[in-house]
Amino acid sequence: MITREQVDHVAHLARLALSDEERERMTSQLNKILEAAGKLQKLDTTDVPPTAFAVPIQNVFRPDEVRESLPRDLVLANAPDPERGFFRVPRIMEEE
Amino acid sequence: MSRYETVIGLEVHAELLTESKLFCGCSTEFGAEPNTHCCPVCLGLPGVLPVLNRKALDYAIKAALALNAEIASYSKFDRKNYFYPDLPKAYQISQYDLPLAKKGWLELKVDGQPRRIGITRIHLEEEAGKSVHSGESIIGSEFSLEDYNRVGIPLIEIVSEPDLRSPAEAHQYLERLKAVLQYAGVSDCKMEEGSLRCDANISLRPVGQAEFGVKVEIKNMNSFRAVLRALEYEVARQTELLDSGTAIVQETRAWDEGRGITVSMRGKEEAHDYRYFPEPDLPPVVIDREWVERLRSELPELPGPRADRFVSQYGLPAYDADLLTSSRRLADWFEAAVQEYHDAKAVSNWVMGDLLRLLKAEEKELDELPLTPGHLGEMLKLIDDGTISGKIAKTVFEEMFHTGKRAADVVKEKGLVQISDEAELARIVETVIAANPKSVADFRGGKEAALGYLVGQVMKETRGRANPGLVNQLLRDRLSRQ
Numbered sequence: 001m002i003t004r005e006q007v008d009h010v011a012h013l014a015r016l017a018l019s020d021e022e023r024e025r026m027t028s029q030l031n032k033i034l035e036a037a038g039k040l041q042k043l044d045t046t047d048v049p050p051t052a053f054a055v056p057i058q059n060v061f062r063p064d065e066v067r068e069s070l071p072r073d074l075v076l077a078n079a080p081d082p083e084r085g086f087f088r089v090p091r092i093m094e095e096e
Numbered sequence: 001m002s003r004y005e006t007v008i009g010l011e012v013h014a015e016l017l018t019e020s021k022l023f024c025g026c027s028t029e030f031g032a033e034p035n036t037h038c039c040p041v042c043l044g045l046p047g048v049l050p051v052l053n054r055k056a057l058d059y060a061i062k063a064a065l066a067l068n069a070e071i072a073s074y075s076k077f078d079r080k081n082y083f084y085p086d087l088p089k090a091y092q093i094s095q096y097d098l099p100l101a102k103k104g105w106l107e108l109k110v111d112g113q114p115r116r117i118g119i120t121r122i123h124l125e126e127e128a129g130k131s132v133h134s135g136e137s138i139i140g141s142e143f144s145l146e147d148y149n150r151v152g153i154p155l156i157e158i159v160s161e162p163d164l165r166s167p168a169e170a171h172q173y174l175e176r177l178k179a180v181l182q183y184a185g186v187s188d189c190k191m192e193e194g195s196l197r198c199d200a201n202i203s204l205r206p207v208g209q210a211e212f213g214v215k216v217e218i219k220n221m222n223s224f225r226a227v228l229r230a231l232e233y234e235v236a237r238q239t240e241l242l243d244s245g246t247a248i249v250q251e252t253r254a255w256d257e258g259r260g261i262t263v264s265m266r267g268k269e270e271a272h273d274y275r276y277f278p279e280p281d282l283p284p285v286v287i288d289r290e291w292v293e294r295l296r297s298e299l300p301e302l303p304g305p306r307a308d309r310f311v312s313q314y315g316l317p318a319y320d321a322d323l324l325t326s327s328r329r330l331a332d333w334f335e336a337a338v339q340e341y342h343d344a345k346a347v348s349n350w351v352m353g354d355l356l357r358l359l360k361a362e363e364k365e366l367d368e369l370p371l372t373p374g375h376l377g378e379m380l381k382l383i384d385d386g387t388i389s390g391k392i393a394k395t396v397f398e399e400m401f402h403t404g405k406r407a408a409d410v411v412k413e414k415g416l417v418q419i420s421d422e423a424e425l426a427r428i429v430e431t432v433i434a435a436n437p438k439s440v441a442d443f444r445g446g447k448e449a450a451l452g453y454l455v456g457q458v459m460k461e462t463r464g465r466a467n468p469g470l471v472n473q474l475l476r477d478r479l480s481r482q
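Top to bottom, those sequences are chains A and B. The opening residue of the first sequence carries number 1 in the working numbering; numbering runs sequentially from there. The opening residue of the second sequence carries number 1 in the working numbering; numbering runs sequentially from there.
Warning: the hint list may mix true and false statements.
[To be verified] When the alpha-carbon atoms are kept at most 30 Å apart in a straight line, the in silico DSS-like pairs for lysine-lysine are as follows:
| id | chain 1 | residue 1 | chain 2 | residue 2 |
| --- | --- | --- | --- | --- |
| 1 | B | LYS130 | B | LYS215 |
| 2 | B | LYS438 | B | LYS405 |
| 3 | A | LYS32 | B | LYS414 |
| 4 | B | LYS80 | A | LYS32 |
| 5 | A | LYS32 | A | LYS42 |
| 6 | A | LYS42 | B | LYS80 |
| 7 | B | LYS405 | B | LYS360 |
| 8 | A | LYS39 | B | LYS80 |
| 9 | B | LYS215 | B | LYS364 |
| 10 | B | LYS394 | B | LYS414 |
| 11 | B | LYS190 | B | LYS89 |
| 12 | B | LYS80 | B | LYS215 |
If you are wondering where the hints come from, they were derived from the structure by calculation, not from laboratory data.
Whole structure, please, built from the sequences with the hints as guidance.
Here's what the structure looks like:
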């Protein structure tokens, strides 16, 4: 079971601000997902080789062509603290 | 002779020369305004689908072929998870257990003998972003600024076997690797722009011992010279520790260019569990023989075989052949010049001497010059027919280098035609003899060196234009007469 506290914790790590209503909804949805995964866990997969790909396709490529990038104001739209066109991030490493 | 044997392995990252990024259409151009080459795919926004750049894959395969590696028939991508501000997705798309290629080698020349350095694996992955720190370095910087233009540029990682036995061999390996990648046309390998980067593993063991010693990883080396210096420093540091009976600590150390030392990064980098897992958004890559052979056929003659051919076809010393083939452009230039002039060694001397010297002094690249191989060929013919002396040719060459004027025009404009007229030279010889009685007496007294001084005076009088052989002969004749 996923608790509301765990949802709060994960939301904080992902820097998501959830309303009370959203928090309730997420808690219930995440529990349903875990339940579904729980059912899969019960299957006997002893003789089934692991696979990373759900569909049997291979060699999907794109040509080496430049496409337009996003305008910078959109690139930085979700940055909490942009500075002179950069993403500004807090201290990475503490001093010894 | 040291009691320890040095063991080095290198991990090199090279950016591939594609126009667009590995999994999206953003430009890979260097030096753009920060965060202007970004899109939802490389920024790692939710709901996007990366699609592999076909050319990046071709380039990676070509690089692997040029390094004599075996191309995998089945390969896939994996997510390497770690949290770092230069990685907006919090994972790097890389290759883990099924790399594109394995078991290659690169041939070095050690003490004149060929020596093969094993290459463990070559894989394709995406670049991370670039951090600008508020302080002098990452440590203690209050904040950092992130530019994600570089995120997603295609990289190949080339991991060598621990086959290198000295810092000098490691340096040569890098020079060779750079040449091979440039010949193959897959990377420009500009270390100053970060398109080639290198980390090193180094350990020492008593001579004769089979097991490796404890290794140290060195990062933050920003030039080939820095790699050489950092490794030399590390050999000395580890030798001192082992001599004093202190155990080496397995750790990552950073090269401090300013202080010329390596410093421990212990505790500053967490021991990573990258939680690799297959990238579900990218279908696997299946490479057939035909594809591989087509790419192989597109590779040019590589520097090793080309150097061997320069020795056999042009009769050049191995030293010349190695230097001339160190870059494809230089080798092409040389071969074009040999088409213009019959004596390959003479061409080689001018290319390795004056041409390389001027390129270095002027910080120019060969393809920026107005000077062509034809210019050199014409000039060498002017030396042969006596129009100019070899000494004057240096002046002519420099003028051609800067202006692109033809040798004959430079000679005419600057009045550099060699003076081979005996009567004229004899007059100058008389003047010089009259003006330098001491040298004349010295020579007659048996001091051979005095003649050189007198020749020099004649050259000075004629601003270097006198035919040196003729001057020598005239002086000797004249001085032996009395």
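Enumerate the violated hints, using their earlier numbering and listing them in ascending order. When the structure is compared with the hints, numbers 2, 3, 9 turn out to be violated.
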